[in-house]
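Undergrad: For the record, the sequence lines run as chains A and B. So the first sequence is numbered by the working numbering: it starts at 1 and just counts up by one. So the second sequence is numbered by the working numbering: it starts at 363 and just counts up by one.
Derived from the structure by calculation, the hints contain no laboratory data. The structure displayed is predicted, hence computed values, not measured ones. Misleading hints may appear alongside valid ones.
[Claimed, not checked] Below, simulated DMTMM-like cross-link-like pairs (lysine to aspartate or glutamate); rule was C-alpha separation at most 20 Å, straight line:
1. A:92 to A:196
2. A:157 to B:395
3. B:364 to B:395
4. A:185 to B:387
5. A:330 to B:387
6. A:185 to B:395
7. B:378 to B:420
[To be verified] Pairwise CB distance ranges, derived in the manner of DEER restraints:
8. B:427 to A:348: 16 to 24 Å
9. B:440 to A:304: 45 to 53 Å
10. A:70 to B:404: 38 to 46 Å
Just so you know, even glycine gets a beta-carbon here, dropped at the ideal spot from N, CA and C.
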Amino acid sequence: MQTMQTLKFVKKEVPHYAAGEISTPVGNVFRVSSDWSRADYWGMIKSRVGAFRMNYAVAPGLYAVGEPTKGSDIFVSANYKLSFDILRRELKGFNAWVLVLDTKSINVWCAAGKGTFSTNELISRMAAVKLDIVVTHRRIIVPQLGAVGVNAAEVQKKTGFRVFFGPVQAKDIPSYVKAGYKKTKEMSTIRFPILDRIILTPMEVNPAMKKFPWFAGGVLILFGLQPSGVLFRNAWSGGMPFLALGLNTVLAGAFLTPVLLPFVPFRSFAIKGWIIGLLSMAVVVPLFGPAVRGNILLLIASWLFFPAMSSYIALQFTGSTTFTGMSGVKKELKIGIPLYLSVAGISLVLMMVYKIREWGIL
Amino acid sequence: MKYLVNVTTLQYSSDKCAGCGRCVEVCPRGVFEMRDKRATITDSDLCMECGACAKNCDFGALSVNAGVGCAAAIITGLLTGSEPTCGCSDSVSGSCC
Numbered sequence: 001m002q003t004m005q006t007l008k009f010v011k012k013e014v015p016h017y018a019a020g021e022i023s024t025p026v027g028n029v030f031r032v033s034s035d036w037s038r039a040d041y042w043g044m045i046k047s048r049v050g051a052f053r054m055n056y057a058v059a060p061g062l063y064a065v066g067e068p069t070k071g072s073d074i075f076v077s078a079n080y081k082l083s084f085d086i087l088r089r090e091l092k093g094f095n096a097w098v099l100v101l102d103t104k105s106i107n108v109w110c111a112a113g114k115g116t117f118s119t120n121e122l123i124s125r126m127a128a129v130k131l132d133i134v135v136t137h138r139r140i141i142v143p144q145l146g147a148v149g150v151n152a153a154e155v156q157k158k159t160g161f162r163v164f165f166g167p168v169q170a171k172d173i174p175s176y177v178k179a180g181y182k183k184t185k186e187m188s189t190i191r192f193p194i195l196d197r198i199i200l201t202p203m204e205v206n207p208a209m210k211k212f213p214w215f216a217g218g219v220l221i222l223f224g225l226q227p228s229g230v231l232f233r234n235a236w237s238g239g240m241p242f243l244a245l246g247l248n249t250v251l252a253g254a255f256l257t258p259v260l261l262p263f264v265p266f267r268s269f270a271i272k273g274w275i276i277g278l279l280s281m282a283v284v285v286p287l288f289g290p291a292v293r294g295n296i297l298l299l300i301a302s303w304l305f306f307p308a309m310s311s312y313i314a315l316q317f318t319g320s321t322t323f324t325g326m327s328g329v330k331k332e333l334k335i336g337i338p339l340y341l342s343v344a345g346i347s348l349v350l351m352m353v354y355k356i357r358e359w360g361i362l
Numbered sequence: 363m364k365y366l367v368n369v370t371t372l373q374y375s376s377d378k379c380a381g382c383g384r385c386v387e388v389c390p391r392g393v394f395e396m397r398d399k400r401a402t403i404t405d406s407d408l409c410m411e412c413g414a415c416a417k418n419c420d421f422g423a424l425s426v427n428a429g430v431g432c433a434a435a436i437i438t439g440l441l442t443g444s445e446p447t448c449g450c451s452d453s454v455s456g457s458c459c
């Protein structure tokens, strides 16, 4: 019992991504491998689909890759484990230091925007690990997307280290270093290729599907509602095609629009989403029999409502892109939200008229 | 890919530019270029208002109303009356970043 307790206090917890330790003038530092284990791959997949992306963290502090010395480069990262994993993978073959900031397990860019990847955090983390003793040079490489939160001049004034903003993507680090810490325009420009867009779609589909039960419940109640109460049989037979149209709309707004983004005309995400919503309706509606097409009121309501919802869902993707600015999104919302609300209102009125006629009141 | 035109709040006064090149180094959209030892704007519609350039311009030549271009964050900001922030850590705007 006694020994167990002593051990617990003396021994630092060794993270699974560590491969030994190296000694420095300021104490031992964990060495990390550039190779990913199965746990690292599985963690990446889970964080991409949102299973635990909110607490996928590494401990902030200093790490070693290879056999770094007093003259080795220092690369700064966030403590979102995926950011850290990608950096250590790309540093394969390097002898370098990695300084991990406490960004509350959020990636570099988002953390810089939120203010956790910041000038102050960098300065205090550098002091905490005694970086000025670990190395003799005075240069530190910060990922370019961290520049949103880091003022290079202030870092230099307070620590003596000159900040080099490295490439946007860690995979360009070897060529950046080889070129004498110089970036080409490609290295400093952020892109948004189709693979990145596909990778991001689960985080669009998930939140949309979380709201889907509300929509489904509303549809089933509307169709099942009779003067005598809610009839399940009517709810299902009448509502089912509209639930299918709802799923089709999530697919259009949260998956197809992001993936096809540059190929859909117009710059506005609202219009892009509306077009894709409209086209996917055109594909799906003919599959339904008289349930949808048989009634002009329901048909009009569907053509109004679903493309508008696709448009709204597509607008959410602005949060994942690498090129949409706040002023633009505000402009879209200013025009879009009143339109969405009116469309939803009109659809509901049409639906009510349909019900009233169904009940034979008129 | 480009977003809406004529909406960015990016402002640049070239007379204050000291030619240090930090804006070229930090801008992830390639908005700036060095010409005759001064920064010039190639196409301001490329700007996504991240704020990296203004943050790192020590000569006050650049200003931008920086923020997140994220619909969920802006809607949450409107509803709560606060500035839109990227809601990566809360479930309200889970789709953000």
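Undergrad: For every hint, state whether the structure bears it out.
TA: Here is what the structure says about each hint:
no. : hint                       : result
1   : A:92 to A:196              : 23 Å, violated
2   : A:157 to B:395             : 26 Å, violated
3   : B:364 to B:395             : 18 Å, holds
4   : A:185 to B:387             : 9 Å, holds
5   : A:330 to B:387             : 28 Å, violated
6   : A:185 to B:395             : 10 Å, holds
7   : B:378 to B:420             : 10 Å, holds
8   : B:427 to A:348: 16 to 24 Å : 37 Å, violated
9   : B:440 to A:304: 45 to 53 Å : 24 Å, violated
10  : A:70 to B:404: 38 to 46 Å  : 41 Å, holds
Figure legend: structure checked against the earlier numbered hints; hints not met, in rising order: 1, 2, 5, 8 and 9.
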